[in-house]
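> Residue strings, one per chain:
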Amino acid sequence: MRTLRMLALGTLAHVKQMSRSSFEVTIALVVPIVQATLAVYLFRAGHERHALLQAAVGAGLMGVWSSVLFGSGGAIQNQRWQGTLEMIMLVPRRPVLVILPITVATGLTGTYALLATLAWGRLLYGIRLDFVHPVGFVVAAVVCIVALGMFGLLLASTFVLMRNANALTNTLEYPIWLVSGMLVPITVLPAWTGPIAAVLPTTWGARALREATTGGPVWPSVTVCLGISLLCLAVGSISLTYVERRARAAATLALA
Amino acid sequence: MGSDYAIEAEGLRRTYRGRTGWLRPRRTEVEAVRGVSFTVGRGELFGLLGPNGAGKTTTIKMLNTLLLPTSGSARVCGHDVVRQTREVRRRIGYVFGGDRGLYDRLSALDNLRYFAELYGVAPREQKRRIAELLELVGLAGRERERVEGYSRGMRQRLHIARGLLHSPEVLFLDEPSIGVDPVAARELRRTVGDLAAAGTTVLLTTHYMAEADELCDRIAVIADGRIQSLGTPAELRHHADGRRVVEVEAYGVPEAAVGALRGLPGVRETAIEERGALQLLTVQSDAHVDVQGDILRELAGIRLGRVTSREPTLEDAYVAIVNAARPPEESREAIVNAA
Ligand SMILES: Nc1ncnc2c1ncn2[C@@H]1O[C@H](COP(=O)(O)OP(=O)(O)O)[C@@H](O)[C@H]1O
Ligand SMILES: [Mg+2]
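Those protein sequence lines, which keep their order, are chains A and B.
Residue 256 is where the first sequence ends in the working numbering, and the numbering goes up by one at each step.
Residue 339 is where the second sequence ends in the working numbering, and the numbering goes up by one at each step.
To be clear, the hints were calculated from the coordinates, so they are not data collected in a lab.
Just so it is clear, CB atoms sit at the ideal spot from N, CA and C, and this is done for glycine as well.
Be aware that one or more of the hints could be misleading.
Covered stretches of chain B, going by a simulated chain A footprint (3 or more residues, C-beta under 8 Å) [claimed, not checked]:
{"id": "1", "segment": "102 to 109"}
{"id": "2", "segment": "119 to 132"}
Example chain A residues on the side facing chain B (calculated, C-beta under 10 Å, incomplete) [said to hold, decoys possible]:
{"id": "3", "residue": "Glu86"}
{"id": "4", "residue": "Arg248"}
{"id": "5", "residue": "Leu253"}
Here are some of the chain B residues that sit facing chain A, going by a computed Cβ distance under 8 Å [said to hold, decoys possible]:
{"id": "6", "residue": "Tyr16"}
{"id": "7", "residue": "Phe38"}
{"id": "8", "residue": "Asn64"}
{"id": "9", "residue": "Thr65"}
{"id": "10", "residue": "Leu66"}
{"id": "11", "residue": "Leu67"}
{"id": "12", "residue": "Leu68"}
{"id": "13", "residue": "Arg86"}
{"id": "14", "residue": "Arg89"}
{"id": "15", "residue": "Arg90"}
{"id": "16", "residue": "Tyr114"}
Next up, chain A with everything else stripped away, as it sits in the complex (with noise of 0.2 Å):
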């Protein structure tokens, strides 16, 4: 009980100090305009009657994915340029408890960016908002958003340890969002990407946010996804365990 209360209240507190980063913030209200805009112009020509809205929702979940991406690595990053890593990871506790609310802050401040690309596709170009099943789809998106919180966890464990994680974050942004069929039905990738997708997370949950959007049975994939997202949790607390001593070997933890 009390842990739950800390990861919540840390959780706060890490969308708290993102929030108020300016940089944060201009990014928050430009790239949903983008997104809507990209998505409607991507799929103006397809004539199915939920082109438009699946490509929002598609839209909105990149947005959340490169929230968690950079949120997670620069995140632990940041830590470390502001010295609170030291501080963090001092604490009389498993790392995976003080890193969590790093990266579910992120996915949360990502689902604005979702819930921003739709609202500014209604507003903008008026993409009707008829989801087939509208509660599907808020149950998806709080499991999505679960599920990258815990798949960031276990990148930001491998994150601690390389001093130049940047490179790396930049890298793995658009593979994700492709593979995973973020922006296009993975039925139109090369067949080779698709064990990688079939492992990812985001995958799943991009999945189950389409099937509640255009229709399909949206549970199996949201428990895959679930599931996929404990398994990174397991991993990532035992990698993050095992990360945080070879990081007090090394000593990546200060910036020195």
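Dock chain B with the ligands against the given chain A, drawing on the hints supplied.
For chain B with the ligands alone, kept in the frame of chain A given last:
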């Protein structure tokens, strides 16, 4: 198992390994700490005094579990810093100088609440504890302002409040007064003194002799990764026994002249300190040798100010200890070509 000591360090060593160079990467090794042993009693205020790069921060980070020792061992409140990390962390607070290490865009209150949660301070006690600490460090009334608007001194005080949230038994203070104005530094020393008086064990590092002298029960002088001398301030003062100090105010003393002074018969140490346009030259010599005449002869032709002769202070003892540790022109950084 209540250990008699709050801190025990045995043969602590730490080597930093890294790489420099891009096209031709070379491996670098810095032996930052090379065999440090000491004990600190419960409730003691212990100082680790040494020049920049002496290995103070490295030593403190091995004791507070942020760095693994390359070899040697240490215990805090009887718990091993490598194997019983969590036990150690529960009992220690860590505060370092400078203005990093806080969440700038959060208020002081949010910072303290967040760390209170992380440290598992009971929700019911948090409010009281935080109010108490804000009062202690003199930030009460300003706690709702964002930290980014705080002065350096205020940040430093917030750091201390944060380090004390969980009422640690042992407090590690790494150069807390660095970059803080003299008035704030005095306040800070008072706070630290009060904490120690109330029973907290404090390990303080500093490169200000006066700070260590004023606060510490015992001081370990560290230079070159090793403890050069350890004792009470009074004991350390004995290192300058049998010496006399001549101070010369001068303008534009060339390196060569300082070298020549060091070579004079009876001279033990020379130190030069820049004070604006003025340079303060301190020459320690054997008390029975009168070197003042020789000094003035060596400095002939240089514009001089006041010349005084006095008894050595603790500061002089410190200079003597640190200089003795500094072998001429020995580099501590061994660069090995990567195979
Ligand atoms: N992360 C690091 N990597 C490489 N060398 C380091 C690192 N941290 C400190 N050093 C080196 O170790 C030596 C001791 O540093 P430090 O413990 O910070 O000294 P102090 O705190 O007494 O100024 C210095 O020569 C410093 O340059
Ligand atoms: Mg230092």
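> Now, for every hint given, state plainly whether the structure supports it.
Quick rundown of the hints versus the structure:
Counting residues of the segment 102 to 109 of chain B whose beta carbon lies closer than 8 Å to any beta carbon of chain A gives 5, which reaches the threshold of three, so the coverage claim holds. Under a criterion of three residues with beta carbons nearer than 8 Å to beta carbons of chain A, the stated coverage of the segment 119 to 132 of chain B is upheld, 3 such residues being counted. Interface hint at A/Glu86: satisfied, since its Cβ lies 6 Å from the closest Cβ of chain B, which is below the 10 Å cut-off. A hinted interface residue such as A/Arg248 counts as satisfied when its beta carbon comes closer than 10 Å to some beta carbon of chain B; here the least separation is about 5 Å, so the hint holds.
Because the beta carbon of A/Leu253 sits about 6 Å from the nearest beta carbon in chain B, less than 10 Å, this interface hint is met. The interface hint given for B/Tyr16 is met, as the beta carbon of that residue sits about 6 Å from the closest beta carbon of chain A, less than 8 Å. Residue-level restraint check for B/Phe38 is violated (minimum Cβ-Cβ distance to chain A is 22 Å; threshold 8 Å). A distance limit of 8 Å between C-beta atoms decides the matter here; for B/Asn64 the minimum to chain A is near 7 Å, and the interface restraint holds.
Taking 8 Å as the C-beta cut-off, the interface hint given for B/Thr65 holds, the closest approach to chain A being about 7 Å. Proximity of B/Leu66 to chain A holds as hinted, the smallest CB-CB distance being about 6 Å (cut-off 8 Å). Annotation: interface hint on B/Leu67 holds; nearest CB of chain A at approximately 6 Å, less than 8 Å. The interface hint given for B/Leu68 is met, as the beta carbon of that residue sits about 5 Å from the closest beta carbon of chain A, less than 8 Å.
The restraint placing B/Arg86 at the interface with chain A holds, with a minimum CB-CB distance near 5 Å, inside the 8 Å limit. With a cut of 8 Å, the hint placing B/Arg89 at the interface with chain A holds, because the nearest CB-to-CB distance is about 4 Å. For B/Arg90, the interface hint holds, the least distance from its beta-carbon to any beta-carbon of chain A being 4 Å, beneath 8 Å. Evaluation of the B/Tyr114 hint against chain A yields a held restraint, the C-beta minimum of about 4 Å falling below 8 Å.
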